[in-house]
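Those protein sequences? They're chains A and B, same order as listed.
With the working numbering applied, the first sequence corresponds to residues 1 to 85, in that order.
With the working numbering applied, the second sequence corresponds to residues 1 to 618, in that order.
Possibly wrong hints are sitting among the right ones.
[As the list claims (entries may be wrong)] Lysine to aspartate or glutamate pairs mimicking DMTMM-like chemistry, simulated, CA-CA at most 25 Å apart:
{"#": "1", "chain 1": "B", "residue 1": "LYS87", "chain 2": "B", "residue 2": "GLU182"}
{"#": "2", "chain 1": "B", "residue 1": "LYS352", "chain 2": "A", "residue 2": "ASP25"}
{"#": "3", "chain 1": "B", "residue 1": "LYS87", "chain 2": "B", "residue 2": "GLU53"}
{"#": "4", "chain 1": "B", "residue 1": "LYS197", "chain 2": "B", "residue 2": "ASP186"}
{"#": "5", "chain 1": "B", "residue 1": "LYS30", "chain 2": "B", "residue 2": "GLU53"}
{"#": "6", "chain 1": "B", "residue 1": "LYS142", "chain 2": "B", "residue 2": "ASP161"}
{"#": "7", "chain 1": "B", "residue 1": "LYS352", "chain 2": "A", "residue 2": "ASP58"}
{"#": "8", "chain 1": "B", "residue 1": "LYS163", "chain 2": "B", "residue 2": "ASP126"}
{"#": "9", "chain 1": "B", "residue 1": "LYS30", "chain 2": "B", "residue 2": "ASP478"}
{"#": "10", "chain 1": "B", "residue 1": "LYS352", "chain 2": "A", "residue 2": "ASP28"}
{"#": "11", "chain 1": "B", "residue 1": "LYS197", "chain 2": "A", "residue 2": "ASP45"}
{"#": "12", "chain 1": "B", "residue 1": "LYS87", "chain 2": "B", "residue 2": "GLU187"}
{"#": "13", "chain 1": "B", "residue 1": "LYS197", "chain 2": "A", "residue 2": "ASP28"}
{"#": "14", "chain 1": "B", "residue 1": "LYS165", "chain 2": "B", "residue 2": "ASP126"}
{"#": "15", "chain 1": "B", "residue 1": "LYS197", "chain 2": "A", "residue 2": "GLU82"}
{"#": "16", "chain 1": "B", "residue 1": "LYS197", "chain 2": "B", "residue 2": "GLU187"}
{"#": "17", "chain 1": "B", "residue 1": "LYS197", "chain 2": "A", "residue 2": "GLU47"}
{"#": "18", "chain 1": "B", "residue 1": "LYS142", "chain 2": "B", "residue 2": "ASP90"}
{"#": "19", "chain 1": "B", "residue 1": "LYS30", "chain 2": "B", "residue 2": "ASP90"}
{"#": "20", "chain 1": "B", "residue 1": "LYS142", "chain 2": "B", "residue 2": "ASP208"}
[As the list claims (entries may be wrong)] Quick look at which bits of chain A chain B covers, simulated, 3 or more residues with Cβ under 8 Å:
{"#": "21", "stretch": "37-44"}
{"#": "22", "stretch": "52-62"}
{"#": "23", "stretch": "66-74"}
[Unchecked claim] Pulled from the structure, derived: some chain A residues nowhere near chain B, Cβ distances all over 10 Å:
{"#": "24", "residue": "THR20"}
{"#": "25", "residue": "TRP24"}
{"#": "26", "residue": "SER31"}
{"#": "27", "residue": "ALA77"}
What the hints contain is simulated information worked out from the structure, not anything from laboratory work.
Given the structure is predicted, the values throughout are model-derived calculations rather than measurements.
We put the CB at the ideal spot given by N, CA and C, even for glycine.
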Amino acid sequence: MRNSPLNLAALPVGARAHITHVDWDSIDATSARRLRELGLDVGVDVEALHRGSLFARDPMAVRVGRMRIILRLVHAAAFHLEPMA
Amino acid sequence: MSARPLVALIGNPNAGKTSLFNALTGARQKVGNYPGVTVERHAGHLHLPHLGEVDLVDLPGSYSLTPASPDEEVARNVLLGTQAGEKRPDALIIVVDAGNLAQHLRFVFELRALGIPTIVALNMVDMAERDGLTLDAAALAKAIDLPVIATVAVRRRGVEDIKEKLDALLAADAPAWASFAEMPLDERTLAARRAAKAAVVHESVTRDVTRRIDAVLLHPIAGFLILLTILFVMFQSVFSLAEAPIGWIEAGIAALGDGVKAALAPSILRDLLTDGVIAGVGAVVAFLPQIVILFFFILLLEATGYMARAAFLMDGLMARLGLSGRGFIPLLSSFACAVPGIMATRAIADPKDRLVTILIAPLMTCSARLPVYAVIISAFIPARQVAPAIGLQGLVLFGLYLMGIMGAMGAAFCLRRTVARGGTSHLLMEMPRYQWPRTRDIAIALLQRAWIFLRRAGTIIFSTTVILWVLLSFPRVDAGSGQSQIEHSVGGRIATGIEYVVRPIGFNHDIAIALLPAMAAREVAVSALATAYAIDTPDEAQMSGQLASHLGTRWSLATALAFLVWFVFAPQCISTIAITRRETNSWKWPAFMVGYLFALAYVAAGATYWTAVAFGLG
Chain A
1 MRNSPLNLAA LPVGARAHIT HVDWDSIDAT SARRLRELGL DVGVDVEALH
51 RGSLFARDPM AVRVGRMRII LRLVHAAAFH LEPMA
Chain B
1 MSARPLVALI GNPNAGKTSL FNALTGARQK VGNYPGVTVE RHAGHLHLPH
51 LGEVDLVDLP GSYSLTPASP DEEVARNVLL GTQAGEKRPD ALIIVVDAGN
101 LAQHLRFVFE LRALGIPTIV ALNMVDMAER DGLTLDAAAL AKAIDLPVIA
151 TVAVRRRGVE DIKEKLDALL AADAPAWASF AEMPLDERTL AARRAAKAAV
201 VHESVTRDVT RRIDAVLLHP IAGFLILLTI LFVMFQSVFS LAEAPIGWIE
251 AGIAALGDGV KAALAPSILR DLLTDGVIAG VGAVVAFLPQ IVILFFFILL
301 LEATGYMARA AFLMDGLMAR LGLSGRGFIP LLSSFACAVP GIMATRAIAD
351 PKDRLVTILI APLMTCSARL PVYAVIISAF IPARQVAPAI GLQGLVLFGL
401 YLMGIMGAMG AAFCLRRTVA RGGTSHLLME MPRYQWPRTR DIAIALLQRA
451 WIFLRRAGTI IFSTTVILWV LLSFPRVDAG SGQSQIEHSV GGRIATGIEY
501 VVRPIGFNHD IAIALLPAMA AREVAVSALA TAYAIDTPDE AQMSGQLASH
551 LGTRWSLATA LAFLVWFVFA PQCISTIAIT RRETNSWKWP AFMVGYLFAL
601 AYVAAGATYW TAVAFGLG
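Chain A extracted, bound-state conformation (with noise of 0.2 Å):
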């Protein structure tokens, strides 16, 4: 799945998905570290909820879980989804 062609950058408000595969060598190691402490991984699904303000489409707010996570789209732009029902 390493080219599915959608990433959570891209993932519209209200959808989910599930985590197929990530990059995590694009990802400075502290955060990627704290993006998996956060729940953020292969395996799990998210959903978009939340993109941005008056100002820019970044960053965005995704929910894992019970958990809801504030990212960057640079770090999003790491997470290769497949997309679900």
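On the provided structure of chain A, position chain B as indicated by the hints.
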């Protein structure tokens, strides 16, 4: 270090740890610092039925034992027994959010391997039930092999059970604590998911309150307008709600001054007490209501979970300046005080991003500026309504806050392209669900903040006021010489030197006197003015209530406005400079900060003065 057992509270941020700590210890807590670092240490006592008193310490909220901030590092060091000033805890209470077990249990599996006797507090079970979760504490205990107690900290549910369990764990004849193997992060994540599944008896779909609220509060346009409205209401309230209590405090201080004057024979000592101590410290203490109101709003925004939303909404704007939304929280805290604000920048991952946030934090209008603004505004700005529920005085105050914010934005934009270029700023944070704030928790935090302010008034402000009184009172003028006491004194002569520098921007001799001691803390400017007038006009009642009317007759409006603008920018606070030195670990950055802020203050105050004079307000 006491021989008493030490129990530590630990858990993820947003687990309700502080509420549980408050429920266990009550209002009698000690807030201090860990030696050598600027991490706050919250400690208290807990009375156990058998063992008696034990010490309880509330460790900073952490996601894991791999620290991402100095706060998390302190938490880890305490747990490993390597933190100076704290012994290794004899028992742990791990606080987990019942509504977010899969996340919070990951940390439990890591902490379990430390080998410290542990209780897991399954907290906020009521909130979990609201979200449609039915949990089985016994099943959870079995899944994680640790004792579990269901708690609702706000209603003190489970508190007695925790005490009993601690008694059993800490008893001399307690069985040896089981040892658990360390698990890598992947395994912990899987184990946490499995254990969470085992603990959930029933999960039903309920309406998601947080989602509904966020639909409005995080709306790209409406959400932003609401954020601005909240900030506006906050600053209006600081002025309007505080009016009455300030009056009471001022009346009390005036009565105290008169009482002392009547009780003692005229002497230097009596002058020191009334003109120095009571007039000076009193003028600052009178601003306690405003500081309490401001902290009340900030605590409320934190407790409800709104702060993370504010960070989300502001991130787009902050990113344009080269900062992150994470910086919004430290900057908003800096409206109360830049010192905790600068400490809070440690949550910002990128060093350059963090440095710029530190450098602009003093531009946020801290509570110490309020006394200065309040005195000048009430002396020079008429208390008129410009629109229903909007007063002119409040509007001017809002304008001063706005000026600080604009200055900070401009400074960030420039700094990020010059001295602090490069690096990438990130935003990565949890957005907690909304919660109804707990009155008791807010009250305890508010009392702690008020006490810290009064302690400052009693130490820094007291000593600078006394020193200033001495400088302005000696050498004495000869009675009947007609000379001004202040002009004749050592302080007056120093001020004449300062006046030479600040004269071009419209500052007079009074201001020159106030500027030097205000380096210790901005609010001292008010007590310095009060002390100066008290010494110079010994026949009148000189308490702070009269200070405004004194100024109104002695300063021009242009001077007053220039003085206000000066305080928007000037880095007049030794504590801020000291904390910047400590947090950047160099003298270079605090020196740079002081330099650029003084330059900015001088130019802005000068521009204000000359513009006002050109409009005929001089």
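Here's how the hints hold up against the structure:
Restraint check for LYS87 (chain B) and GLU182 (chain B): the C-alpha separation of about 23 Å stays at or below 25 Å, so the hint holds. Taking the CA atoms of LYS352 (chain B) and ASP25 (chain A), the gap is near 22 Å; set against the 25 Å cutoff, the hint holds. With a CA separation close to 16 Å, the supplied pair LYS87 (chain B) and GLU53 (chain B) stays within the 25 Å bound. For the suggested pair LYS197 (chain B) and ASP186 (chain B), the alpha carbons sit about 17 Å apart, so the restraint of at most 25 Å is met.
With a CA separation close to 15 Å, the supplied pair LYS30 (chain B) and GLU53 (chain B) stays within the 25 Å bound. Only pairs whose Cα atoms come within 25 Å are accepted, and LYS142 (chain B) paired with ASP161 (chain B) is accepted, the gap being roughly 18 Å. About 20 Å separates the Cα atoms of LYS352 (chain B) and ASP58 (chain A), which keeps this hinted pair within 25 Å; it holds. Of the pairs offered as hints, the one joining LYS163 (chain B) and ASP126 (chain B) holds, with about 21 Å between alpha carbons and a cut-off of 25 Å not exceeded.
With a C-alpha separation of about 51 Å, the suggested pair LYS30 (chain B) and ASP478 (chain B) falls outside the 25 Å cut-off, and the hint is violated. Distance hint between LYS352 (chain B) and ASP28 (chain A) is fulfilled; the C-alpha atoms sit about 15 Å from each other, no more than 25 Å. Between the alpha carbons of LYS197 (chain B) and ASP45 (chain A) the distance comes to roughly 16 Å, so the proposed pair stays at or under 25 Å and holds. Restraint check for LYS87 (chain B) and GLU187 (chain B): not satisfied, since their Cα atoms lie roughly 30 Å apart, outside the 25 Å limit.
Between LYS197 (chain B) and ASP28 (chain A), the direct Cα distance comes to roughly 32 Å. Violation of the 25 Å bound is thereby established for this hinted pair. The hinted pair formed by LYS165 (chain B) and ASP126 (chain B) meets the criterion: a straight-line CA distance of about 22 Å does not exceed 25 Å. Taking the CA atoms of LYS197 (chain B) and GLU82 (chain A), the gap is about 24 Å. The hint holds against a cut of 25 Å. Taken as a hint, the LYS197 (chain B) and GLU187 (chain B) pair is honoured in the structure, with Cα atoms around 15 Å apart against an allowance of 25 Å.
At roughly 20 Å between alpha-carbon atoms, LYS197 (chain B) and GLU47 (chain A) fall within 25 Å of each other, so this suggested pair holds. The hinted pair formed by LYS142 (chain B) and ASP90 (chain B) meets the criterion: a straight-line CA distance of about 23 Å does not exceed 25 Å. Proximity of LYS30 (chain B) to ASP90 (chain B) is assessed by CA-CA distance (about 20 Å); at most 25 Å being required, the pair is judged to hold. Between LYS142 (chain B) and ASP208 (chain B) the CA atoms are separated by roughly 30 Å; this puts the pair beyond 25 Å, and the hint is violated.
Counting residues of the stretch 37-44 of chain A whose CB falls under 8 Å from any CB of chain B gives 4; the rule of at least 3 is met. For the stretch 52-62 of chain A, the stated coverage by chain B holds: 9 residues have a C-beta nearer than 8 Å to a C-beta of that chain, and at least 3 were required. Proximity of the stretch 66-74 of chain A to chain B, defined as three or more residues with a beta carbon under 8 Å from a beta carbon of that chain, is established by the 8 residues found. Non-interface status of THR20 (chain A) relative to chain B is upheld: no Cβ of that chain comes within 10 Å, the nearest being about 16 Å off.
Residue-level check passed: TRP24 (chain A) sits 12 Å from the nearest beta carbon of chain B, beyond 10 Å. With a cut of 10 Å on Cβ distances, SER31 (chain A) falls inside the contact zone with chain B, its closest approach being about 6 Å. At the 10 Å boundary, the C-beta of ALA77 (chain A) stays outside the reach of chain B, the nearest C-beta of that chain being 13 Å off.
When the structure is compared with the earlier hints, violations turn up for hints 9, 12, 13, 20 and 26 and for no others.
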